[in-house]
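A.B. asks: Letter by letter, the chains look like this.
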Amino acid sequence: MAFIEIKGVSYVYPIREGVSLKAVKNLSLSIEAGEFVALTGMNGSGKSTLAKLLNGLFKPSEGEIMIDGVSTADEDHIFDIRRKVGMVFQNPDNQTVATLIEDDVAFGPENLGLPREEIVQRVNFALEAVGMSEYRTREAAKLSGGQKQRVAIAGVLAMRPDVLILDEATSMLDPAGREEVLDVVRQLNSQGITVINITHNMEEAALAKRVIVMRKGRLAIDGTPSQVFSSSLLQACGLTLPPAAALAKELKESGVDIGAVTTEESFAEGICKLLK
Amino acid sequence: MQAVEIKNLSFVYSKGTPNEKLALDNIDLSIEEGSFVALIGATGSGKSTLIQHLNGLIKPQDKKRSSVIVNGKSATDKKTLKTLRFEVGMVFQYPEYQLFADTVEKDIAFGPKNMKLASDEVSRRVKRAMETVGLDYAEFAERSPFDLSGGEKRRVAIAGVIAMEPKILVLDEPVAGLDPAGRAELLALIKTLQKQVSPTVILVSHNMDDVAALADRVVALKDGRIVADGTPKQVFADRALIKDIGLDLPTAARIADRLAERSIELDKDIITMAELKAALLSLFGKAEQQVDGNDESQASDGTREEPTGENSSLQSKANAENNIDGGDVKVVKYEGNTGGDADV
Chain A
1 MAFIEIKGVS
11 YVYPIREGVS
21 LKAVKNLSLS
31 IEAGEFVALT
41 GMNGSGKSTL
51 AKLLNGLFKP
61 SEGEIMIDGV
71 STADEDHIFD
81 IRRKVGMVFQ
91 NPDNQTVATL
101 IEDDVAFGPE
111 NLGLPREEIV
121 QRVNFALEAV
131 GMSEYRTREA
141 AKLSGGQKQR
151 VAIAGVLAMR
161 PDVLILDEAT
171 SMLDPAGREE
181 VLDVVRQLNS
191 QGITVINITH
201 NMEEAALAKR
211 VIVMRKGRLA
221 IDGTPSQVFS
231 SSLLQACGLT
241 LPPAAALAKE
251 LKESGVDIGA
261 VTTEESFAEG
271 ICKLLK
Chain B
277 MQAVEIKNLS
287 FVYSKGTPNE
297 KLALDNIDLS
307 IEEGSFVALI
317 GATGSGKSTL
327 IQHLNGLIKP
337 QDKKRSSVIV
347 NGKSATDKKT
357 LKTLRFEVGM
367 VFQYPEYQLF
377 ADTVEKDIAF
387 GPKNMKLASD
397 EVSRRVKRAM
407 ETVGLDYAEF
417 AERSPFDLSG
427 GEKRRVAIAG
437 VIAMEPKILV
447 LDEPVAGLDP
457 AGRAELLALI
467 KTLQKQVSPT
477 VILVSHNMDD
487 VAALADRVVA
497 LKDGRIVADG
507 TPKQVFADRA
517 LIKDIGLDLP
527 TAARIADRLA
537 ERSIELDKDI
547 ITMAELKAAL
557 LSLFGKAEQQ
567 VDGNDESQAS
577 DGTREEPTGE
587 NSSLQSKANA
597 ENNIDGGDVK
607 VVKYEGNTGG
617 DADV
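Residue numbers (this note's numbering), protein chains in the order written: chain A, 1 to 276; chain B, 277 to 620.
The shape of chain A in the complex, shown without the other chains:
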């Protein structure tokens, strides 16, 4: 059994009496331990709902989600599941609990009842990983949005999760900050942590090993970046090609064919090969 098993899952939001919204519809897929997945799709396609289903913040209205063999509906193991599946949300302002940054990052491990040295070590590691060490004694409220988001990621990293879900977590970071966070995420993934990166950034999606596209609550496309970006369904899913891939396509229409590329590096390689 895969680390994450989603079996026939639907989720219905009650809006008001007699009105509800089915955000996830009969979804089935599995994600193996250690995968690096980009989850994408237009606003309202069900990505964030799925993320909240994965760590038991929401329980499926129908179907079942198993994390490491345990159902998210199993209340006896819910804290275990939430530790295993760490989430960083879109809005950093809703994610800080303490005044000082180091206290905020320590909040999770403290609640695990870890020894002090272990907590200190984890806080150091996590703040270092997001490049916020020098801010550790600052007040979280005084940081800019991007800095807060890095602290939020540190708070999750301090829990040493098995799965890290980033829900648009890089969308407010500056280019260097984004690169720093993606580097950290890649590093964590290479150490075995499963990463699910929910993103609207197609360049970022192209960096994952697997891209899952949702549309209107359903699974629309699931494959490698090159499979997904050559799919005829892409436009219907409200997505675009990464810039390099879009340009390659336009060049092809003008008679310069460098093949299917998804990254800037493969684009440059393609041009180079064609000139030889």
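If you're looking for bench data, these hints aren't it; they were derived computationally from the structure.
Heads up, a few of these hints could be off.
As the list claims (entries may be wrong) - Just the calculated beta-carbon pair ranges, DEER-fashion:
1) 187(A) <-> 516(B): 24 to 30 Å
2) 545(B) <-> 276(A): 48 to 54 Å
3) 420(B) <-> 29(A): 30 to 36 Å
4) 352(B) <-> 232(A): 55 to 61 Å
5) 298(B) <-> 29(A): 46 to 52 Å
6) 516(B) <-> 192(A): 34 to 40 Å
7) 103(A) <-> 298(B): 43 to 49 Å
8) 22(A) <-> 545(B): 26 to 32 Å
9) 472(B) <-> 227(A): 39 to 45 Å
10) 103(A) <-> 545(B): 44 to 50 Å
11) 57(A) <-> 541(B): 48 to 54 Å
12) 472(B) <-> 192(A): 49 to 55 Å
13) 274(A) <-> 378(B): 30 to 36 Å
Backbone N, C-alpha and C define an ideal beta-carbon position, used for all residues, glycine too.
Using the hints, position chain B against chain A.
C.D. replies: Same frame as chain A, now just chain B:
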């Protein structure tokens, strides 16, 4: 006419505490009416602090030394502050979080009502704002803003700002969090807003592709100081500086650099995908089939078209485009950058 004139502006957060931080360090900045200025800089470089001075949300700390004049009014003058807030439309990050009314129409009408406009004028402005942002009045006016999609909510929030018909529109990361289709639509909308509603636009963005496609002037901040100020081509030409301030180049420039590493030399000043496409096609001896620059997801349709003349407020944009060395723009080097990069 200057829309914004800032002189000697400094700002310190948590003054007199161990957390003291100099957010703005002696900023001098003039923005001509009719220009589209992109404000770029790493997280914490002072962009948000700077724009909040434009409508008096933050007041200059040293009133004797610093001055912030917007549309000819001092941002510290209590008598004109209210007017100033109507003249400077601020669209903050994730503006949809600020929606509050139970219908779209009421939410958008909040600003114009505060301006004490007659009710038929309020209603005209709400309709116009909805039309401008592409929300059908009959379909959306009576709906709850909270039942809309993310992209629609953001349009409602922006409509609420432009219904005040501000002369200056300040947008802080307006497309963050939107899906690719929503981004492309909103970027196109911003260009329309400049033509139809707010002649002066100040865009804060981390997306250098958007900056390259939209702005006619780029002002870069680092540690509260202006470290570059010029056309997008001028600013992005200084590769070492862009790296030093923690930003990135537009995709097209990054690809051009990757090609240069492989001894494929294109024009040094390529910053948009349309320019890169043209350069590559000419490299392969192919003629460009269309010249309107179908630039990826960008709002490029019409972004480079000339103003129609009767709108004099757009004149400075035309100047900036026709005259790359334009007298009103300059590239500022700061001492931290020794300019060691031979490519610059």
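A.B. asks: If any of the earlier hints don't hold here, list their numbers in rising order.
C.D. replies: Hints 2, 7, 8 and 13 not satisfied by this model.
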